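Assemble the whole structure, with the sequences as input and the hints as a guide.
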Amino acid sequence: MDDEDMSCTSGDDYAGYGDEDYYNEADVDAADDVAVTPTHSEEADYECLSVNQVERVFIDGVNSLVSRISINEKFARILLQANHWDVDKIARLVRNDRNDFLRKCHIDAKPEPKRKLSSTQSVLAKGYCSVCAMDGYTELPHLTCGHCFCEHCWKSHVESRLSEGVASRIECMESECEVYAPSEFVLSIIKNSPVIKLKYERFLLRDMVNSHPHLKFCVGNECPVIIRSTEVKPKRVTCMQCHTSFCVKCGADYHAPTSCETIKQWMTKCADDSETANYISAHTKDCPQCHSCIEKAGGCNHIQCTRCRHHFCWMCFGDWKSHGSEYYECSRYKENPSVAAEANHVKARRALEKYLHYFERFENHSKSLKMEEELRDKIRKKIDDKVNEHNGTWIDWQYLHKSVSLLTKCRYTLQYTYPFAYFLSATPRKNLFEYQQAQLEKEVEELAWAVERADGTARGALEAHMHRAEHKRQTLLHDFFF
Amino acid sequence: MSNIAFNRLQRECKEVVTNSEISETGIMIEILNENLTEIKGHIRGPPDTPYAGGMFDLDIKIPDQYPFSPPNVKFSTKIWHPNVSSQTGVICLDILKDQWAASLTLRTVLLSIQALMCTPEPKDPQDAVVAKQYMEKPAVFKATAEYWTTKFAKGAVKNAGYQALVDKLKDMGVREEEAVSVLSCNNWDINRSTVYIFS
Ligand SMILES: [Zn+2]
Ligand SMILES: [Zn+2]
Ligand SMILES: [Zn+2]
Ligand SMILES: [Zn+2]
Ligand SMILES: [Zn+2]
Ligand SMILES: [Zn+2]
Chain D
1 MDDEDMSCTS
11 GDDYAGYGDE
21 DYYNEADVDA
31 ADDVAVTPTH
41 SEEADYECLS
51 VNQVERVFID
61 GVNSLVSRIS
71 INEKFARILL
81 QANHWDVDKI
91 ARLVRNDRND
101 FLRKCHIDAK
111 PEPKRKLSST
121 QSVLAKGYCS
131 VCAMDGYTEL
141 PHLTCGHCFC
151 EHCWKSHVES
161 RLSEGVASRI
171 ECMESECEVY
181 APSEFVLSII
191 KNSPVIKLKY
201 ERFLLRDMVN
211 SHPHLKFCVG
221 NECPVIIRST
231 EVKPKRVTCM
241 QCHTSFCVKC
251 GADYHAPTSC
261 ETIKQWMTKC
271 ADDSETANYI
281 SAHTKDCPQC
291 HSCIEKAGGC
301 NHIQCTRCRH
311 HFCWMCFGDW
321 KSHGSEYYEC
331 SRYKENPSVA
341 AEANHVKARR
351 ALEKYLHYFE
361 RFENHSKSLK
371 MEEELRDKIR
381 KKIDDKVNEH
391 NGTWIDWQYL
401 HKSVSLLTKC
411 RYTLQYTYPF
421 AYFLSATPRK
431 NLFEYQQAQL
441 EKEVEELAWA
451 VERADGTARG
461 ALEAHMHRAE
471 HKRQTLLHDF
481 FF
Chain U
1 MSNIAFNRLQ
11 RECKEVVTNS
21 EISETGIMIE
31 ILNENLTEIK
41 GHIRGPPDTP
51 YAGGMFDLDI
61 KIPDQYPFSP
71 PNVKFSTKIW
81 HPNVSSQTGV
91 ICLDILKDQW
101 AASLTLRTVL
111 LSIQALMCTP
121 EPKDPQDAVV
131 AKQYMEKPAV
141 FKATAEYWTT
151 KFAKGAVKNA
161 GYQALVDKLK
171 DMGVREEEAV
181 SVLSCNNWDI
191 NRSTVYIFS
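The listed protein sequences correspond, in order, to chains D and U.
Numbering of the first sequence is given in full-length UniProt numbering, commencing with residue 1 and proceeding in unit increments.
Numbering of the second sequence is given in full-length UniProt numbering, commencing with residue 1 and proceeding in unit increments.
Careful: at least some of the hints might be erroneous.
What the hints assert, rightly or not - With a cut-off of at most 20 Å between alpha-carbon atoms, the simulated DMTMM-like pairs for lysine to aspartate or glutamate come out as follows:
| id | chain 1 | residue 1 | chain 2 | residue 2 |
| --- | --- | --- | --- | --- |
| 1 | U | Lys97 | D | Glu171 |
| 2 | U | Lys97 | D | Glu164 |
| 3 | U | Lys74 | U | Asp98 |
| 4 | D | Lys378 | D | Glu389 |
| 5 | D | Lys104 | U | Asp98 |
| 6 | D | Lys74 | D | Glu171 |
| 7 | U | Lys97 | D | Glu159 |
| 8 | D | Lys110 | U | Asp98 |
As the list claims (entries may be wrong) - Per the computed footprint, the stretches of chain U lying under chain D, defined by three or more beta-carbons under 8 Å from a beta-carbon of chain D, are:
| id | stretch |
| --- | --- |
| 9 | 3-15 |
| 10 | 58-71 |
| 11 | 98-105 |
Claimed, not checked - Label pairs and their computed distance ranges (CB to CB):
| id | chain 1 | residue 1 | chain 2 | residue 2 | range |
| --- | --- | --- | --- | --- | --- |
| 12 | D | Asn210 | U | Ser2 | 28 to 38 Å |
| 13 | U | Ile190 | D | Glu353 | 43 to 53 Å |
| 14 | D | Pro194 | U | Ser2 | 16 to 26 Å |
| 15 | D | Glu184 | U | Ala52 | 44 to 54 Å |
| 16 | D | Lys110 | U | Lys132 | 26 to 36 Å |
| 17 | D | Arg103 | U | Glu24 | 34 to 44 Å |
| 18 | D | Leu140 | U | Glu30 | 29 to 39 Å |
| 19 | U | Arg175 | D | Asn210 | 45 to 55 Å |
| 20 | U | Gln99 | D | Glu222 | 28 to 38 Å |
| 21 | U | Arg192 | D | Leu352 | 36 to 46 Å |
| 22 | U | Lys132 | D | Asn431 | 43 to 53 Å |
| 23 | U | Lys132 | D | Glu164 | 26 to 36 Å |
| 24 | D | Gly251 | U | Gln99 | 30 to 40 Å |
Since the hints were made in silico from the structure, they are not lab data.
Just so we're clear, the structure is a prediction, and the values are computed from it rather than from any experiment.
Beta carbons: idealized from backbone N, C-alpha and C, even for Gly.
Here it is, written out as structure tokens:
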């Protein structure tokens with residue numbers, strides 16, 4: 001137990017812990033208490049940076065490039081951005097063919113245009129801007145290419161590009177000229193328009209962060225934090241400011257053991273199939289024995305009908321007794337080997353059935369997680385009551401709190417095993433995965449059953465459930481994620 | 001419309017109307033409303049192409065952000081060309097999309113379209129059927145484009161053979177424009193065309 005938990009024993013403000021996001025909780029490492037030592041961390045190595053700190057990262061990048069090759073700082077930024085901030089690669093390419101490279105990176109102009117379309121060449125009037133077709137300008141700003149236009153037109157051009165979301169790739173206004181306007185130039189053009197300047201700086205930051213392989217915006221709503229990490233695995237980060245947790249690689253909700261590509265495919269599929277999947281998300285079902293309507297109240301999928309006392313599984317409606325065996329059949333979708341021989345419409349139906357099988361379980365665990373949040377509140381109140389009745393101290397009852405946190409952690413991983421399994425082709429590896437998934441599922445449901453009835457469960461028995469569930473979770477992550 | 005756009009367009013209209021080079025190349029513009037948001041363009045079919053002798057009209061719409069956004073240009077005269085939709089007249093041309101630059105003008109746009117009429121780019125087609133014919137049956141493509149020029153762009157050359165096929169379909173109760181379109185798409189095979197229409 002860490003110092004922060006210890007300080008809570010004063011009992012004044014520990015109730016505040018209910019505000020945190022327990023789905024992705026990083027700090028409550030229940031594994032310690034149940035003596036399962038994970039071999040790998042699910043947490044990415046990362047730091048949370050402010051906009052100013054990120055600017056420092058960019059300046060460091062620019063400085064390291066400028067020390068390697070002779071280039072103006074404003075162009076160094078464009079080079080870095082176009083090349084994933086890879087200083088070595090840039091230095092190599094500059095040495096190789098500097099002129100060609102600078103042209104390809106939109107810093108220098110191409111030697112001559114292929115087509116002669118512009119009307120600028122034909123007009124020789126002094127101070128003439130070919131965009132507004134007016135002359136008499138005393139100043140005509142231009143980029144490295146030397147194409148001159150009036151300040152007013154440059155400003156309108158910048159505004160127009162910004163309205164399309166373009167900031168770091170604003171090109172010269174001349175036809176077939178691909179030179180990009182460096183930020184220094186753009187800022188000098190819009191210096192008197194604070195609103196546009198703000199918009200430009202915001203977009204520019206977005207472009208710079210997106211081009212940097214180690215930076216990622218926090219996905220929290222309106223959160224200004226930028227995460228810096230060199231992690232290559234899709235591990236989890238938790239923003240220090242808004243406490244949002246997400247995958248460090250793709251920014252989606254943390255999704256171990258599923259990969260970023262698979263979870264993206266899964267989410268797209270779910271969005272596409274949402275209509276067909278909607279009907280299954282109803283909260284009520286009929287008892288398979290007495291047909292009375294049962295509303296699922298807890299997160300546990302082991303349901304006991306209040307009328308006929310029949311025990312059944314919420315997901316497959318099977319008798320719960322058949323789930324007690326080591327091989328938890330419910331989590332498994334049996335691939336039909338004769339599928340290939342079937343007619344197309346049957347295939348489509350089977351495909352939908354297969355999807356619904358996985359989707360229903362994915363959704364179901366997601367709902368269970370929400371319900372178990374209420375369970376967490378109940379348990380907290382229970383602990384409060386016991387402590388107030390001088391029935392033990394807060395520390396004595398901490399195992400209850402830990403048990404529900406661990407349940408959340410295990411169920412969360414279990415939820416994300418379904419997209420993984422859906423996209424696995426029928427191989428021995430899939431069999432192994434589904435075996436481990438079934439094991440985890442069985443332990444999670446048993447733990448949930450025990451936690452919901454924590455009063456009647458002895459501490460030792462509950463901790464044994466916790467240990468087994470976390471052990472199965474670690475085994476699955478170890479074999480299929482790390 | 002902004003001041004820049006209005007000034008620019010006034011200048012551009014004058015440029016197209018007064019430039020003597022223009023009367024030689026055969027491009028013209030006609031202003032349809034006072035605030036210069038709708039303009040009609042005309043391109044004379046370039047010599048030594050299937051469009052020679054025809055006069056092609058274009059609808060030009062000027063967006064609010066002009067000249068920082070490209071004008072919206074499409075053919076209003078039907079034309080048989082790989083980079084123009086034979087149905088809608090929409091043109092596939094880079095400078096009307098991502099290659100637009102504020103320094104380009106209506107004059108350069110019309111000249112580019114005229115250049116496209118001389119040199120189609122079938123690898124970047126707007127109309128896949130036309131592009132396929134252009135690549136695989138160049139003689140049929142040429143004859144079809146010529147026929148469309150006479151039919152829709154007041155060209156002088158006549159193709160009696162094609163006209164007879166069109167008349168045959170018209171006798172069966174098919175609208176003339178549809179008859180031309182279906183025959184063109186089916187390489188002037190009357191049997192395939194009738195199957196296409198009546199099945
Ligand atoms: Zn200007
Ligand atoms: Zn330029
Ligand atoms: Zn955040
Ligand atoms: Zn990810
Ligand atoms: Zn019942
Ligand atoms: Zn079941």
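Now the hints, each set against the structure:
| no. | hint | in the structure |
| --- | --- | --- |
| 1 | Lys97(U) x Glu171(D) | 14 Å, holds |
| 2 | Lys97(U) x Glu164(D) | 13 Å, holds |
| 3 | Lys74(U) x Asp98(U) | 16 Å, holds |
| 4 | Lys378(D) x Glu389(D) | 16 Å, holds |
| 5 | Lys104(D) x Asp98(U) | 18 Å, holds |
| 6 | Lys74(D) x Glu171(D) | 15 Å, holds |
| 7 | Lys97(U) x Glu159(D) | 18 Å, holds |
| 8 | Lys110(D) x Asp98(U) | 18 Å, holds |
| 9 | 3-15 | holds (count 6) |
| 10 | 58-71 | holds (count 4) |
| 11 | 98-105 | holds (count 6) |
| 12 | Asn210(D) x Ser2(U): 28 to 38 Å | 31 Å, holds |
| 13 | Ile190(U) x Glu353(D): 43 to 53 Å | 50 Å, holds |
| 14 | Pro194(D) x Ser2(U): 16 to 26 Å | 21 Å, holds |
| 15 | Glu184(D) x Ala52(U): 44 to 54 Å | 52 Å, holds |
| 16 | Lys110(D) x Lys132(U): 26 to 36 Å | 34 Å, holds |
| 17 | Arg103(D) x Glu24(U): 34 to 44 Å | 36 Å, holds |
| 18 | Leu140(D) x Glu30(U): 29 to 39 Å | 33 Å, holds |
| 19 | Arg175(U) x Asn210(D): 45 to 55 Å | 53 Å, holds |
| 20 | Gln99(U) x Glu222(D): 28 to 38 Å | 36 Å, holds |
| 21 | Arg192(U) x Leu352(D): 36 to 46 Å | 39 Å, holds |
| 22 | Lys132(U) x Asn431(D): 43 to 53 Å | 49 Å, holds |
| 23 | Lys132(U) x Glu164(D): 26 to 36 Å | 34 Å, holds |
| 24 | Gly251(D) x Gln99(U): 30 to 40 Å | 33 Å, holds |
Checked against the numbered hints above, the structure violates none of them.
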